[in-house]
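There are 2 protein chains.
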Amino acid sequence: MDAEQLRENAHKMVDFIADYYKSLESYPVLSQVQPGYLRELLPDSAPDRPESLQDVLDDIRQKIIPGITHWQSPNYYAYYPSNSSTAGFLGEMLSAAFNIVGFSWVSCPAATELEVIVLDWLAKMLKLPDQFLSSGQGGGVIQGTASESVLVVLLAARDKILRKSGKRSLEKLVVYASDQTHSCMQKACQIAGIYTENLRLLKADQNSNYALTPDAVSEAISSDLSEGLIPFFLCATIGTTSSAAVDPLSALGKISKANDMWFHVDAAYAGSACICPEYNHHLDGVEEADSFGMNAHKWFLTNFDCSALWVKDRSALIQSLSTNPEFLRNKASQEHTVVDFKDWQVPLGRRFRSLKLWMVLRLYGLENLQHYIRNHIKLAEEFEQLVNSDSRFEVVTPRTFSLVCFRLLPQPDHQDDGYKLNYDLLDAVNSSGKIFLSHTVLSGKFVLRFAVGAPLTEETHIKAAWEVLQDQATIILAEI
Amino acid sequence: MDAEQLRENAHKMVDFIADYYKSLESYPVLSQVQPGYLRELLPDSAPDRPESLQDVLDDIRQKIIPGITHWQSPNYYAYYPSNSSTAGFLGEMLSAAFNIVGFSWVSCPAATELEVIVLDWLAKMLKLPDQFLSSGQGGGVIQGTASESVLVVLLAARDKILRKSGKRSLEKLVVYASDQTHSCMQKACQIAGIYTENLRLLKADQNSNYALTPDAVSEAISSDLSEGLIPFFLCATIGTTSSAAVDPLSALGKISKANDMWFHVDAAYAGSACICPEYNHHLDGVEEADSFGMNAHKWFLTNFDCSALWVKDRSALIQSLSTNPEFLRNKASQEHTVVDFKDWQVPLGRRFRSLKLWMVLRLYGLENLQHYIRNHIKLAEEFEQLVNSDSRFEVVTPRTFSLVCFRLLPQPDHQDDGYKLNYDLLDAVNSSGKIFLSHTVLSGKFVLRFAVGAPLTEETHIKAAWEVLQDQATIILAEI
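Residue numbers (my numbering), protein chains in the order written: chain P, 1 to 480; chain R, 1001 to 1480.
Just chain P, with the same shape it has in the complex (with noise of 0.2 angstroms):
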């Protein structure tokens, strides 16, 4: 290790890395290996003897691409988008440079400091309550994934609640979500040890456009508590994996009220949206949650992984998840006039990610954020029409965001009732190596999701993968 040898080097890989931009749309944008293949391509065991950058970086490009799914493509449309950029990549580098570990303020000021003051500026931009903000007794964090944000704000809610009615009261505990919710709240309740039979997703159809209702939440609430349960955990989703539903924060918000339950609002995907002021409306509501999360990692331009969360009350998390042991100690902290980011999250080390949100922030600013994330759903507004324009599909949900779901409508008089005509569809347009598209099920439907968000995505893109999607599905009917 020695500067000049890593500018050398450093300055290799950037040209490796810009290349690899400019011959992006030459790949297949789903892998198209086959379980295994790398096995039978790398050796079984490190070397004894260094080996030269050039050979690693042959071997990336012979052995390593091949499998990899391009999620940077500009024909890439599947699950939510993981946005890299031009100011989140710098970001990354510098942060991986730096190489900070800041568990405490003393491991790293500028690391949790840029931190609690870039989620006060993003908190901003999405016109969150002044309670979120760090001046008050909440503020933001950054966590890897929305995973982590659910799991650590469902400990702090799962904690409070025992410390009232006794930590053998767990098994008595409820948490409300939708069947919409992202598997991640499934999840944080077998981490967090919550019953199975406690977690109540409960259904969204068609008659909600896939929203959780406010009545379905008072029935279940009203039924847990005659049998003696305790709720005390609702979640809200603003953009469900699924089909980008919206469930109404507002009334979900009075009822966790109501009931003294913590309320999370998850806006991994479409809170991106809601810096521009014409969506910002979804979020009405969020006055009533005491947490919030949104992924910059997926439609913001900041490279993977960013995952912002804010809540009302940090003296809730910091009792869940702090320890606080001898090795750790230092004035700052004894003197609590400093952030130990180490007990907001369920990991003691953390990597400095605010630099790259700052530098997107900074390098692009609100205007032209606003400016990319309008662009998108302009785009897919007008695949939407493309869909509409040929009878052969229909659009299932109406399009709130950059998300389109849509199928191929069954064959009148055929015993498919379009499951199998839609999965064949899906593998062979994935296959095709042109564009990557997955899928969802709403209300026993298979269903296509084309999800505009890729940075590197223009309106030729979408022509071209229509038209993809058209010619197999005039193959596959041709078929049946």
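No lab work stands behind these hints, which were simulated from the structure alone. It is possible that part of the hints are untrue.
As the list claims (entries may be wrong) - Label pairs and their in silico Cβ distance ranges:
id, chain 1, residue 1, chain 2, residue 2, range
1, R, 1051, P, 169, 20 to 28 angstroms
2, P, 171, R, 1008, 36 to 44 angstroms
3, R, 1334, P, 480, 20 to 28 angstroms
4, P, 367, R, 1375, 48 to 56 angstroms
5, P, 382, R, 1051, 28 to 36 angstroms
6, P, 479, R, 1008, 43 to 51 angstroms
For each residue, glycine too, the CB sits at the ideal point set by N, CA and C.
Knowing the structure of chain P, use the given hints to seat chain R on it.
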């Protein structure tokens, strides 16, 4: 976002970073800023319009770097190291550029397969038993930190025993470790809902060089069994955080097996040394373990974060941590022909972290890595000799790896037993900005920890550090 814009700006960032490394020794190692310093220097909200990279880089130089504690400085001896290296840094760059999210095999086959292969390589370098390799029922996985490693195996163990004893027996589950075990064990128990009073942090003192004694564990287990409790988890450490103590694996492993408990070995720091044949004997008995962890991001030239965890029975992890939502279903996963690492960890999303570890292993090779470890241990030996050569000081525990625990001896007939003296010495040397050490308390003694492990540290730095310590000691002793 455009490949040529990325290229141009990333080249600038490479030079900024190489220049940072060149000037590293000119900064105070421990940041000397006061709490809240950055709030004064930055605006209250994000800009509406884009700013230039030059402005951002200027701010990093003027506002961020003063708030950084320089973990990469050759004069950094605090906590345990967090290594950056050319290979690790290049791996981070590449991983940020691909910016994939490798939750399932299909979401990026190369990420999953390279991780499986590289952890097999590393397991072989550590001479772990074959049951930890991916070819059997076990395998390795990269977690973010040792905290997450111990949490996931605790959850696997918890759920395994609860499947037998019934989930209402949670309150009877008991965990054993020494009082020298890292605080992440306590935190994992808090998260998993293990009752606080059922965490046995058994006293380890100078008689065993702060290692956990098998007798203490056996006695505690007998006593708990007689009270109807259920011993289920034992954690041993190779290289504790305070003093790099080594717990006796063979004896502890036998006790675990005899009592049908999960046995975890945490070698977060000292695991790296075990790639050298002369240190590998510290792992004798690891064949009794159910899980084993070491942090490649500490003392192994792999940038943070990269915590390697191996288990013998991956199905136990998967049973605790899997979810199977429709939107992630895919052929490869359904056919069980692949590994889906989402089910081995807390978060869903995951970075392509195996790239950097693979590059470290290839660009340095086993022999250089062994040399790297041996050199640091030699430097620690030299420091130990320097301490021994000054009768005002004492080495507090025998040195095993690259950590020296020492203190200034208390003055005869002085009311201070050495606690304040050493606290003041630590404060003085860290305030000088010339070196950064941290501390611990062993048997009531305030002890300074000198952990050699920064990649740039050479013999001259060790000698200079010792001079700083001697000079400050002289000043402090004169003031008494």
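Supplied distance hint 28 to 36 angstroms, evaluated on CB atoms of residue 382 of chain P and residue 1051 of chain R | This hint holds: roughly 32 angstroms between Cβ atoms.
Between residue 367 of chain P and residue 1375 of chain R, does the beta-carbon spacing fit 48 to 56 angstroms?
-> For residue 1375 of chain R against residue 367 of chain P, whose Cβ atoms are near 53 angstroms apart, the range 48 to 56 angstroms holds.
In this structure, is the beta-carbon distance linking residue 1334 of chain R and residue 480 of chain P contained in 20 to 28 angstroms?
-> 24 angstroms, holds
Is the distance from the Cβ of residue 1051 of chain R to the Cβ of residue 169 of chain P consistent with 20 to 28 angstroms?
-> 52 angstroms, violated
Does 36 to 44 angstroms hold as the CB distance between residue 171 of chain P and residue 1008 of chain R, or does it fail?
-> Given about 60 angstroms between the Cβ atoms, the range is violated.
For the pair residue 479 of chain P and residue 1008 of chain R, does the Cβ-Cβ distance stay inside 43 to 51 angstroms?
-> At roughly 49 angstroms between Cβ atoms, residue 1008 of chain R and residue 479 of chain P fall inside 43 to 51 angstroms, so the hint holds.
Violated hints, in rising order: 1, 2; the structure is consistent with all others.
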